[in-house]
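There are 2 protein chains.
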Amino acid sequence: MEWISKSNILIVGLGLIGGSYAKALKRLGYHISAIDKDEETIEYALKEKIIDEGSVTIDENIISSADAVIFALYPDVFKKWICDNQKYFKPGALITDVTGVKSCVVYDIQNILRDDAEFIAAHPMAGREVYGVKNSDDAIFRGANYIVTPTDKNTEGAVEWCKTLGRILGFANISVLSPEEHDKIIGFVSQLTHVIAVSLMTCNDNTDLVSYTGDSFRDLTRIARINENMWSELFMLNKDVLLEQMDIFINEFKLIRNMLNTGDKEALCDKMRLSTLRRSYFDKR
Amino acid sequence: MEWISKSNILIVGLGLIGGSYAKALKRLGYHISAIDKDEETIEYALKEKIIDEGSVTIDENIISSADAVIFALYPDVFKKWICDNQKYFKPGALITDVTGVKSCVVYDIQNILRDDAEFIAAHPMAGREVYGVKNSDDAIFRGANYIVTPTDKNTEGAVEWCKTLGRILGFANISVLSPEEHDKIIGFVSQLTHVIAVSLMTCNDNTDLVSYTGDSFRDLTRIARINENMWSELFMLNKDVLLEQMDIFINEFKLIRNMLNTGDKEALCDKMRLSTLRRSYFDKR
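Residue numbers (this note's numbering), protein chains in the order written: chain A, 1 to 285; chain B, 1 to 285.
Treat the hints as calculated values from the structure; they're not laboratory data.
Since the structure is predicted, the reported quantities are computational estimates derived from the model, not experimental observations.
Ideal placement from N, C-alpha and C gives every residue a C-beta, glycine not left out.
Accuracy of the hints is not assured; some may be wrong.
Straight-line distance between alpha carbons at most 20 Å, and here's what the computed PhoX-like set of lysine-lysine pairs gives [claimed, not checked]:
1. A/Lys-26 with A/Lys-6
2. B/Lys-134 with B/Lys-47
3. B/Lys-163 with B/Lys-26
4. A/Lys-265 with B/Lys-239
5. B/Lys-163 with B/Lys-6
6. B/Lys-239 with A/Lys-254
7. A/Lys-26 with A/Lys-134
8. A/Lys-254 with B/Lys-254
9. B/Lys-49 with B/Lys-26
10. B/Lys-153 with B/Lys-134
11. B/Lys-265 with A/Lys-239
12. A/Lys-239 with B/Lys-254
13. A/Lys-79 with A/Lys-37
14. A/Lys-134 with A/Lys-37
15. B/Lys-184 with B/Lys-239
Looking from chain B toward chain A, a few residues come up when the C-beta cut is under 10 Å (computed) [stated by the list, open to error]:
16. Thr-57
17. Gly-170
18. Met-201
19. Ile-250
Which chain A residues stay away from chain B? Per the calculated CB distances, all over 10 Å, these [as the list claims (entries may be wrong)]:
20. Arg-27
21. Leu-28
22. Cys-104
23. Arg-114
24. Ala-126
25. Tyr-281
Turn these sequences into a full structure, and let the hints steer you where they fit.
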């Protein structure tokens, strides 16, 4: 059984992901505190023993006693929180996060952070279409990927700590990418897929199709149930990459449209054979 | 418990869908025969008692003793089969099918069919990414939709017979559409989604992304594992409708691209709210 140092852990933002972190880490025996602006959230988490301590305000005692702080906030709120409250961090504190975009967050936070603290960024690639601590469940981490995105400023010790955190949370696959590599990949596998799902749902009034649909349409639009505030912010923060990925997709889609339009069945079959081959690598193992 | 008349049933084409029909109907007590050109298929189906009788050739006895014939063949093969072999049909035989496109099949078959037989078309909206009788399983019909597509030539009795067939096979939802309405809806919910999944898989070499992907990408590309012969034929046979649906999707996708490009976060949020609302109707009940 692995173990991380920094056993007094503060989670800032106790939503679906923050709550799932809390449940996993508390069960492993870590001391878990949480700060969340929503009173019902903190009351629920204390009552359900998801956390040991909690506050709806900036509680100096809680912050200064944490060896490690995990931020599960929207990117802009995250930066402001660090500016306003980092003065309370314990010297040597290790900071990590769960933000879905990296380049626009990691360097800024590392630049404003106190010299005696270290920020090592990570992206847990798990989620659900429901929100809040009441829906949190660390089962969503099983079989999922976890990406650590260090920069030159990070120590090897912090990178290892963060990878171990991913493993003890239950992620199946831990990898390390630069913030830029991360954002490019996420622009494709996550953001582009959300744009496609939303476009499918909004391109015409299709609500009368419920009785005529198969699993294909359900699968392609599962993620069309989307938290608009979070995702529009994530899209904007990764705008250039996402626009590029959207263009790559549109071009391919138009190429296939042209094959259909000209009746080039053999070219269509070639695309489908390639698609079938590539997709086979993605089955969960 | 419902029951269909025509209790001696012949299935032509014993693949995934034909085999699943056979399993469901045999269990209900119907006499099931099958014709399939593949010897291993017929041997396997007899050994596993999926069918009562089978042949790899055009067996006059089997054909002429069937009260109902279910065709689970590709559209072009289906038409040729009717031309060549309808002379063996029992007078009064009821014919149905499982073809995924309708306008280009239904009228042609009805026009060439003997006057003393009736063709009532249906589309069982179920499938898997694997093929053949060995993978057949009528559990795929549970919770799924089944569409009957009659024309002016059909009798009320045949339409009712076909709807009952869908119900006893285990489909959750039986509906009736004209062939044209069917093809338009299928062009959107099924064919367009397959084009999108294939485009996502082929638009760049993404096989190295396995370690970095979340469930979104897996969901949107599940159907990218595709039977190229069947689907390229289905696309071609519904070409005009599919091209139109692709254009509607491209236009919406470009509209959202423009919102991102101009930084119109509020418009993006509006699209996402609409998407979330509409998707909620599609959760299986």
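### Message
Checking each numbered hint in turn, tell me which of them this model violates, lowest number first.
### Response
Going through the list in order, the structure violates hints 10, 16, 17, 24, 25 and respects the others.
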